[in-house]
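J.: Listed below, chain by chain, are the residues.
Number of protein chains: 2
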Amino acid sequence: MKTTTREVTAECLCIGDELLIGQTINTNAAWMGEAVGLSGFRPVRTRVVGDDEADILDALGTARADVVLVTGGLGPTKDDITKRCLCRFFGTRLVRHPEVEAHIVELFERRGLEPRHVKEADLRQALLPESCIPMPNAVGTASGMWFEREGRVYVSMPGVPYEMQAILRDHVLPRLRERFSPPSIVHRTIRTAGIGETPLSERIAAWEEGLAADGIRLAYLPSPGQVKLRLSRYANADPVAAKAAVDRQAQALYGLIPGLIYGEGGQELEEVIGIRLKAAGQTLAVAESCTGGHVSHLITSVPGSSAYFLGGVVSYANEVKRKELDVPEALLREHGAVSRPVAERMAEGVRAALGSDWGLSTTGVAGPDGGTPETPVGLVWMAVAGPRGTVAAQSLFAGTRSLVIQRATVTALDLLRRSL
Amino acid sequence: MKTTTREVTAECLCIGDELLIGQTINTNAAWMGEAVGLSGFRPVRTRVVGDDEADILDALGTARADVVLVTGGLGPTKDDITKRCLCRFFGTRLVRHPEVEAHIVELFERRGLEPRHVKEADLRQALLPESCIPMPNAVGTASGMWFEREGRVYVSMPGVPYEMQAILRDHVLPRLRERFSPPSIVHRTIRTAGIGETPLSERIAAWEEGLAADGIRLAYLPSPGQVKLRLSRYANADPVAAKAAVDRQAQALYGLIPGLIYGEGGQELEEVIGIRLKAAGQTLAVAESCTGGHVSHLITSVPGSSAYFLGGVVSYANEVKRKELDVPEALLREHGAVSRPVAERMAEGVRAALGSDWGLSTTGVAGPDGGTPETPVGLVWMAVAGPRGTVAAQSLFAGTRSLVIQRATVTALDLLRRSL
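Chains as they are written, first to last, in this note's numbering: chain A, 1 to 420; chain B, 1 to 420.
Keep in mind the hints are simulated off the structure, nothing from the lab.
For clarity, every value in this text was computed on a predicted model and none was experimentally measured.
Cβ coordinates follow ideal geometry from the N, Cα and C atoms, glycine included.
Just to be clear, a hint being listed does not mean it is correct.
[Stated by the list, open to error] Computed from the model, here is a short list of chain A residues facing chain B with C-beta under 10 Å:
no.: 1; residue: Cys14
no.: 2; residue: Leu19
no.: 3; residue: Ile21
no.: 4; residue: Ala29
no.: 5; residue: Gly33
no.: 6; residue: Pro43
no.: 7; residue: Thr291
no.: 8; residue: Pro303
no.: 9; residue: Gly304
no.: 10; residue: Val314
[What the hints assert, rightly or not] Non-contacting residues of chain A with respect to chain B, defined by C-beta distances greater than 12 Å in every case (computed):
no.: 11; residue: Lys119
no.: 12; residue: Ile195
no.: 13; residue: Ile204
no.: 14; residue: Ala244
[Said to hold, decoys possible] Calculated cross-link-like contacts (lysine-lysine; reagent style DSSO-like; alpha-carbon spacing at most 30 Å):
no.: 15; chain 1: B; residue 1: Lys228; chain 2: B; residue 2: Lys243
no.: 16; chain 1: A; residue 1: Lys228; chain 2: A; residue 2: Lys278
no.: 17; chain 1: B; residue 1: Lys323; chain 2: A; residue 2: Lys278
no.: 18; chain 1: A; residue 1: Lys323; chain 2: B; residue 2: Lys278
no.: 19; chain 1: A; residue 1: Lys119; chain 2: B; residue 2: Lys228
no.: 20; chain 1: B; residue 1: Lys119; chain 2: A; residue 2: Lys228
no.: 21; chain 1: A; residue 1: Lys228; chain 2: B; residue 2: Lys83
no.: 22; chain 1: B; residue 1: Lys323; chain 2: A; residue 2: Lys323
no.: 23; chain 1: B; residue 1: Lys228; chain 2: B; residue 2: Lys278
no.: 24; chain 1: A; residue 1: Lys119; chain 2: A; residue 2: Lys83
no.: 25; chain 1: A; residue 1: Lys228; chain 2: A; residue 2: Lys243
no.: 26; chain 1: B; residue 1: Lys83; chain 2: B; residue 2: Lys119
Can you make the complete structure from the sequences, with help from the hints?
T.: Here is the structure:
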């Protein structure tokens, strides 16, 4: 593959009334934007139009990026008019593509259906514009289609997310890289928790300033309770040197904020916790008040979590804190349910009751009501009880009830992670 | 307000590199599309561009709908260039709007900050294009802005979803309806659970065919475990008759599938359950295995749920089922953890342990591993124990671990709803 420094642009054209009227959130555009960006293309625009021939033709005709990724409108129902529009736009006609038909029949056979059960509507999916190059769809009947015109590449794909993703990842992106030789990019994503975007940016300001000299760009990717830092650098001339430069700066970042970094890449906090518990042969139990089950939900969203997660108690009522977690009534009366001593006793109580190595607790005011001057909405106490004793921490979270719950959940998981 | 039959179109222009590179999923476009659609406007297009002056100006200049809703790029940081672009596009300049400045100071006071702590960057938010009409932002410092040019209305709003929503709902939509008098629409959304989209469409096929004669359109809005049915009808000539026609068909639907309907409009299943429990003065406790805390999480996502939700036990390990929920070891050995008797005992056990009126339980195989021929991945038993005894049900859910958990959660909540 040749390398070049010319910027190669990409845009998305998403077709479907369901996107316009808000029935479906356009996750495809985000997925495609990230995928092409990580492959060295620059996403410059996304457009969404309805199932309307004039609008689709207009959008195709006003494309201006090097790569135009089209999704949607390829199903066998009558609403789906993308193929008709493509034929008009490229001045071609629908013809039967035998290799696509064979794939459709095979797909049905794999699902245990005999060829005679394949319906005419399904076989119609093998009718594609004559001038296109089919892009195989391993997980569905709607083929992707590659067109070229005046130096521009148009790729039409189905709107079903996992079908689009499989076609783009396995067939379109490799071919696009071959065709355009975009600048290749080295990137590394470092995940932090327990600090907001602004204080984090202040803490690493000097380091961040030094990145430019190495040709490295930095992106802050915040979500409730955490911030991901993505380092990226063009790697054309010398990929090995580019990777070394990124790794060196990542290393420097680890030296700067060691405690705040919990993982890299696509790894979630709850996965990191699972890996550590599994490695140590230890178990976890959770006692939740204000987070109401969300901590347990994230922990158990990880496949195989039953190996280290024994269970939890959602102690919404004080009576449950007393009975199930052995929190003394006097403690609740004296300090209130949202307090350090109660958080500590909850963590110790669930650890003792379930016989786990670690106990994690949360107690706070998620809002919107229930706040007082002493315990305002957003105040959350968290505690971890473990083999070396109990630690507690408090935070005051801003935002809606849902955001307070999400932020408290991530912050509690991070408190546990630091203790392991 | 006059009424008209002229179609009034709307388009969205969303600004932000984070949308293009897939860092943020564009939920704003979906929300705005639904909101304007329900208000009688026809959403025709969405465009997303990056934080680039030329691209923003080009997009503003090529707008073609009657209403152009612009979001993003209004923060106080240097990336946010929307206001500069608006000034250039409308040939105006930034001036201090005293009423917006007063609002910003008041917002900080409400958060307990004195006026002297309001930073210059915050006050810069009171600088708005001279020719705009400010649209108040009750929940943030970035004001909305209304412009008109050549019969077209442009409204610029912040990209923070809850700020955009508050401005659009409370100020922009009323003013747009006043300005354009779009065809008014009567709509009613009926929420069902416990049946998939295809079997539901088969069950109500005859009813659905009769809608056209009444001028009513039907949309299926599926999400894991539930399907919403939206009936809508233009109401220009005779709003009273239009509403009556929609209500009559809704009534017919209630007669057809009474047990499957749990609510209407924006009401979630967990809210309906909360309302019923509150009205009956009854309490709930939850015992979760495969749903791992997600049922408790949804129940406690409802503000005020502490009035009826006592708490729950996440009994991932069998030992926890025995100790905390009093499930006999013999039962687990004989029937396995994923079985009717164990689900029943879990619901009864948590009801007894926490002293609630109702107990709800789940036990199943969320996958991707852990399935056997007898208890395959996706098999979930659910039970409800209450004043009139215990009922149980099983389902076999398709999809990923995350989907199985979501579907099981909704189906368990629906089993409880039917029992109340």
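J.: Please confirm whether Lys119(A) is truly not at the interface, meaning its C-beta sits more than 12 Å away from all C-beta atoms of chain B.
T.: holds (15 Å)
J.: Given Gly33(A) was flagged as interface, is its beta-carbon under 10 Å from a beta-carbon of chain B?
T.: holds (4 Å)
J.: Can Val314(A) be said to touch chain B, with a Cβ gap under 10 Å?
T.: Hint on Val314(A): holds, closest Cβ of chain B at ~4 Å, below 10 Å.
J.: Could you check if Gly304(A) really has its C-beta closer than 10 Å to a C-beta on chain B?
T.: holds (7 Å)
J.: Per the CB criterion, is Pro303(A) less than 10 Å away from chain B?
T.: This hint holds: Pro303(A) lies near chain B, its Cβ roughly 6 Å from the closest one there, short of 10 Å.
J.: Is the interface hint satisfied for Thr291(A)? The criterion is a beta-carbon contact with chain B at less than 10 Å.
T.: Holds, because the Cβ-Cβ distance from Thr291(A) to chain B comes to roughly 8 Å (cut-off 10 Å).
J.: Taken at face value, is the distance from the CA of Lys119(B) to the CA of Lys83(B) at most 30 Å?
T.: holds (19 Å)
J.: When you look at the beta carbon of Ile204(A), is every beta carbon of chain B farther off than 12 Å?
T.: At roughly 17 Å from the nearest Cβ of chain B, Ile204(A) sits farther out than 12 Å, so the non-interface label holds.
J.: Examine each Cβ of chain B, and state whether all of them lie more than 12 Å from the Cβ of Ile195(A).
T.: holds (18 Å)
J.: A closest beta-carbon separation below 10 Å is what the hint needs, so does Leu19(A) meet it against chain B?
T.: Cβ of Leu19(A) sits 7 Å from chain B, so the hint holds.
J.: For the pair supplied as a hint, Lys323(B) and Lys278(A), is the alpha-carbon distance within the 30 Å limit?
T.: Within the cut-off at roughly 23 Å; holds.
J.: Holds or violated: Lys228(A) with Lys278(A), Cα cutoff 30 Å?
T.: With Cα atoms ~25 Å apart, Lys228(A) and Lys278(A) stay inside 30 Å; holds.
The structure meets every hint from the earlier list without exception.
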